[in-house]
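**Student:** Residues per chain are reported as follows:
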Amino acid sequence: MTNHWIDIQHSDVILAIGSNPAENHPISFKYVEKAMDNGATLISVDPRYTRTSSKADIYAQLRPGTDIAFIGGLINYILQNDLIHREYVVNYTNAAFIVGDDFQFEDGLFSGYNAQNSSYTKETWSYQLDKDGNPKRDETLQHPRSVYQLMKAHYARYTPAKVCEITGTDPHAYRRVAETFCATGKPGKAATIMYAMGTTQHTHGTQNVRSYAVMQLLLGNIGIAGGGINALRGESNVQGSTDYAILYHILPGYLKTPTHDNVDLQAYNAKWTPTSNDPKSANWWSNTPKYIASLLKAYWGEAATADNDFCFSYLPKRSGNYSFIKLMERLQAGGFEGLFCMGTNPAVGGPDAGSIRQGLSKLKWMICADLWETETSIFWKAPGIDPKSIDTEVFLLPAASSVEKEGSISNSGRWAQWRYKAVEPPGEARSDAFIVDQLCQRLKKAYAKGGVFPEPITQLAWNYGHGHEPDIPTVAKECNGYFTRDTVIKGKAYKMGEQVPSFAFLQDDGSTCSGNWLYCGSFTEAGNQMARRGLSDPTGMGLYPEWSWCWPVNRRILYNRASVDPSGKPWNPNKPVIAWNSVTRKWEGDIPDGGWPPLAEEGTRNPFIMVSEGYGRLFAPGLADGPFPEHYEPMESPMENLMSSQQSNPAVMRPCKISTSDKFPYIGTTYRVSEHWQAGAMTRNLPWLVELVPDMFVEISRHLAEWKGIANGDMVTVSSERGSIEARALVTNRIKPLRAGGRLIEQVGLPWHFGFGGMARGDSANVLTTAVGCANTSIPEFKAFLCNIEKGGNKA
Amino acid sequence: MGISRRNFLKSGGVAAAGVAISAKPAKASVDAPELRTKGLQTSTTVCPYCAVGCGMIVHTKDGKIVNIEGDTEHPINRGSLCSKGSALFQVANNERRLTKVQYRAPGSAKWEEKSWDWALERMATLMKDSRDRNFVKTETIGGKNYEVNRNEGMAFLGAAALDNEECYLWGKFARAMGVAYLEHQARI
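Read top to bottom, the protein sequences are chains A and B.
According to the working numbering, the residues represented by the first sequence are 1 to 796, in order.
According to the working numbering, the residues represented by the second sequence are 1 to 188, in order.
None of the hints are false.
Pair by pair, the computed Cβ-Cβ distance ranges are:
{"#": "1", "chain 1": "A", "residue 1": "388", "chain 2": "B", "residue 2": "38", "range": "53 to 61 Å"}
{"#": "2", "chain 1": "A", "residue 1": "471", "chain 2": "B", "residue 2": "96", "range": "25 to 33 Å"}
{"#": "3", "chain 1": "A", "residue 1": "455", "chain 2": "B", "residue 2": "141", "range": "18 to 26 Å"}
{"#": "4", "chain 1": "B", "residue 1": "105", "chain 2": "A", "residue 2": "471", "range": "30 to 38 Å"}
Straight line, CA to CA, 27 Å or less: simulated DSSO-like cross-link-like pairs of lysine-lysine:
{"#": "5", "chain 1": "B", "residue 1": "110", "chain 2": "A", "residue 2": "364"}
{"#": "6", "chain 1": "B", "residue 1": "114", "chain 2": "A", "residue 2": "445"}
{"#": "7", "chain 1": "A", "residue 1": "364", "chain 2": "B", "residue 2": "137"}
{"#": "8", "chain 1": "A", "residue 1": "326", "chain 2": "B", "residue 2": "137"}
{"#": "9", "chain 1": "A", "residue 1": "152", "chain 2": "A", "residue 2": "122"}
{"#": "10", "chain 1": "B", "residue 1": "100", "chain 2": "A", "residue 2": "388"}
{"#": "11", "chain 1": "B", "residue 1": "100", "chain 2": "A", "residue 2": "444"}
{"#": "12", "chain 1": "A", "residue 1": "362", "chain 2": "B", "residue 2": "114"}
{"#": "13", "chain 1": "B", "residue 1": "114", "chain 2": "A", "residue 2": "364"}
{"#": "14", "chain 1": "A", "residue 1": "381", "chain 2": "B", "residue 2": "100"}
{"#": "15", "chain 1": "A", "residue 1": "477", "chain 2": "A", "residue 2": "490"}
{"#": "16", "chain 1": "A", "residue 1": "280", "chain 2": "A", "residue 2": "490"}
{"#": "17", "chain 1": "B", "residue 1": "144", "chain 2": "A", "residue 2": "256"}
{"#": "18", "chain 1": "A", "residue 1": "362", "chain 2": "B", "residue 2": "100"}
{"#": "19", "chain 1": "A", "residue 1": "290", "chain 2": "A", "residue 2": "495"}
{"#": "20", "chain 1": "A", "residue 1": "449", "chain 2": "B", "residue 2": "137"}
{"#": "21", "chain 1": "A", "residue 1": "189", "chain 2": "A", "residue 2": "586"}
{"#": "22", "chain 1": "A", "residue 1": "271", "chain 2": "B", "residue 2": "137"}
{"#": "23", "chain 1": "A", "residue 1": "381", "chain 2": "B", "residue 2": "114"}
{"#": "24", "chain 1": "B", "residue 1": "114", "chain 2": "A", "residue 2": "444"}
{"#": "25", "chain 1": "B", "residue 1": "144", "chain 2": "A", "residue 2": "122"}
{"#": "26", "chain 1": "A", "residue 1": "444", "chain 2": "B", "residue 2": "137"}
{"#": "27", "chain 1": "A", "residue 1": "122", "chain 2": "A", "residue 2": "271"}
{"#": "28", "chain 1": "B", "residue 1": "100", "chain 2": "A", "residue 2": "364"}
{"#": "29", "chain 1": "A", "residue 1": "381", "chain 2": "B", "residue 2": "110"}
{"#": "30", "chain 1": "B", "residue 1": "144", "chain 2": "A", "residue 2": "326"}
{"#": "31", "chain 1": "A", "residue 1": "388", "chain 2": "B", "residue 2": "110"}
{"#": "32", "chain 1": "A", "residue 1": "663", "chain 2": "A", "residue 2": "791"}
{"#": "33", "chain 1": "B", "residue 1": "137", "chain 2": "A", "residue 2": "362"}
No lab work stands behind these hints: they were computed from the structure.
Glycine included, each C-beta is placed from N, C-alpha and C at the ideal position.
Assemble the whole structure, with the sequences as input and the hints as a guide.
**Tutor:** Written out as structure tokens, the structure reads:
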């Protein structure tokens with residue numbers, strides 16, 4: 001989230017799109033309702049009429065996979081009706097930048113497209129530069145090659161009529177959404193977007209989010225109270241696990257993992273450290289060398305020195321895409337001897353789950369650590385499987401639950417909150433930290449005796465006490481970071497072993513270590529900031545600066561330098577985030593997003609400090625599929641693309657296992673219910689929750705039910721090109737067919753929590769979904785595929 | 001009025017396990033029955049389900065959790081919990097929880113119980129052998145040789161419910177082992 005949960009109460013308009021907060025983040029709805037009590041309007045945009053929709057002032061139905069068209073039409077409405085927050089747009093965004101003459105867009109394709117490998121070369125997606133090497137700007141926004149004018153032309157194609165034909169939205173509802181949301185460009189008005197997996201799980205998921213960014217920047221809604229782009233993350237610590245980068249392409253703090261051509265640390269820094277010639281650009285990622293050096297020191301400690309690039313060569317280097325879908329492809333090709341599932345259940349949670357289950361049988365060994373027996377851990381005795389045919393050695397390690405160990409987790413609002421151990425884990429269950437520690441220690445011993453390239457393991461710094469398991473506060477201190485030697489910074493002396501106060505003090509010379517620069521400041525000499533329980537709220541804005549600790553540096557609202565005008569006065573003095581006190585020459589309120597003076601003064605910096613130009617990007621040249629969002633149909637779609645002749649995202653290769661609406665006429669989409677959670681192990685084994693939702697079910701409209709002769713409660717079979725499942729049919733008014741492309745298109749809605757294991761069992765929706773992912777993130781397109789439904793069960 | 005639950009955790013940081021409540025006991029009566037949580041050990045936690053991060057209070061007695069409820073002091077949830085958080089008690093106390101290391105031998109149709117020691121030694125051996133057999137020191141790309149130091153013998157998956165410090169250790173270990181195929185729920 002750019003903002004945080006409590007801040008939602010300050011919104012005037014809340015757009016829940018690609019999300020269902022009343023269902024899946026129920027307690028957050030307190031703040032939606034608080035906002036509504038104060039006159040805010042809630043808009044729910046969803047293929048189905050959900051629990052959130054039932055509370056909304058405006059409901060607009062949306063065909064799965066058409067968010068870019070929907071938002072594109074709103075952006076068009078803003079531009080055509082001049083509803084932008086002009087001073088914000090001119091000063092804080094790249095609207096005024098002049099784009100190079102070679103940048104083109106034609107019939108769904110941007111310049112630089114290579115059809116052979118479905119990718120773009122992005123040289124033409126660049127700016128005209130002035131003599132200092134900075135993008136030329138036209139603050140009148142009139143220049144025909146300005147980002148603003150290019151955007152106007154791009155979005156002029158998203159007329160209300162065209163949009164509603166694509167999305168299936170009722171035009172009256174669409175008009176109400178436009179009039180309501182797009183009125184928040186006035187200073188003093190704030191709109192927020194609450195989004196989740198309905199937004200991200202598409203082959204154009206990143207561009208969906210980009211659409212929100214473009215719209216919110218035009219309206220001046222980023223950095224202000226009640227504004228922002230707020231991702232409702234789905235797991236208690238998926239924010240933390242992403243911050244700590246247990247993903248193939250990043251290192252803790254969103255540093256990049258090295259690529260094969262980063263032959264040494266210097267090459268790595270040269271490739272990944274952005275530069276800027278603009279003295280007003282903070283270009284925060286210019287600190288990359290400090291953060292990577294500090295991380296390497298945290299990893300390899302004493303062994304990491306300036307002479308050996310801080311053991312940089314010990315890091316594995318990537319030369320391809322190893323994301324989940326690719327990982328599973330390799331698994332199915334027999335490309336791994338082993339798989340370690342540390343608290344995860346891909347046999348239920350992954351796309352094309354049937355193929356994943358088959359792939360597991362190719363393993364020599366598999367280790368699962370979990371609280372429960374999961375479908376993944378028992379794939380070898382799944383229904384219909386002959387165990388004798390599977391040679392995999394499987395280990396199922398009993399793991400500790402959240403109340404049986406100590407540590408921090410980070411919520412969607414970036415608050416890292418400390419948790420305490422209430423009891424010992426049951427029986428012989430152990431914490432994940434114990435498991436990792438034990439394996440690491442044993443492998444260190446084994447590699448001390450010999451093996452291939454043993455140094456990264458034998459020289460790994462692993463000093464977490466001599467207890468039964470690692471001392472977690474000690475780990476947390478390493479994550480914050482400490483000085484590795486006596487050092488002096490800006491005239492102040494720091495002793496070896498002292499905690500680093502914040503990432504502003506991290507160095508590239510090996511004098512600091514930090515397991516995650518973003519969390520620098522979370523555990524200082526003053527103690528564990530994440531464990532704080534202070535309830536003071538000095539600004540009255542619900543920031544609670546002394547409750548837990550949030551990154552970065554306990555700043556509660558990101559980009560808050562954009563919440564004030566160039567003189568430092570809040571756009572909305574009634575709901576200030578920060579304000580410049582010209583007498584004391586200090587910012588008051590939230591931690592400012594950089595302590596520099598306001599834009600109108602000397603020594604200032606532009607507010608969007610994490611991009612190299614410092615201006616919010618309306619035109620974003622760094623993405624795989626284009627600098628402006630453009631509507632494409634999902635890989636499996638019942639309709640032609642009405643915007644261009646590019647049917648699906650040109651930057652995503654069409655997979656093999658897809659079909660057409662001749663064979664599978666209905667749109668399939670997956671979602672969650674309040675009473676169950678993710679792949680289900682942690683809820684389908686709890687009697688209280690099983691009592692609430694005991695069975696797998698699928699939702700269809702009354703119209704489709706009648707057409708297929710299905711009554712409420714009947715067993716049905718839902719099938720796709722990937723497989724088929726059975727479930728009970730829930731026939732409901734809450735799903736209506738979509739009027740799109742001149743016809744009625746039906747949907748089948750599927751909760752994806754169920755599997756053949758656990759107490760409450762059912763078929764897995766992900767047997768049906770497609771293993772094809774977003775052009776930028778590779779997240780699978782769970783939310784839009786094609787399926788068929790027939791009366792009568794047919795066990796998968 | 002009975003004991004005030006609202007204020008028992010004032011002055012931050014007092015919530016470590018082992019703090020026993022010993023406030024003035026209420027006089028039991030028809031209108032003010034004694035709290036069943038009286039005299040129990042208390043600690044705070046945060047819900048392990050979605051990412052709102054609701055605060056909870058855990059009551060333990062003799063090493064067992066006897067109650068979990070919303071923390072009224074928490075500025076986000078103020079004591080409220082959804083159906084999942086309200087059911088956390090049944091994660092802690094649940095006969096289906098795994099309590100023993102289990103092992104499935106090749107071709108077997110069942111689990112066998114094993115000791116941690118046995119399992120850890122076997123797993124470490126398997127991991128070392130797979131890494132050593134499938135370690136890719138260099139790769140030729142575009143006619144040039146590059147040092148890549150990748151362990152392609154295994155993939156690591158998981159997890160979004162690990163604590164931050166566990167994520168850090170797991171990631172550190174994975175990278176030291178040269179694992180490049182490192183992914184988890186955030187990707188899907």
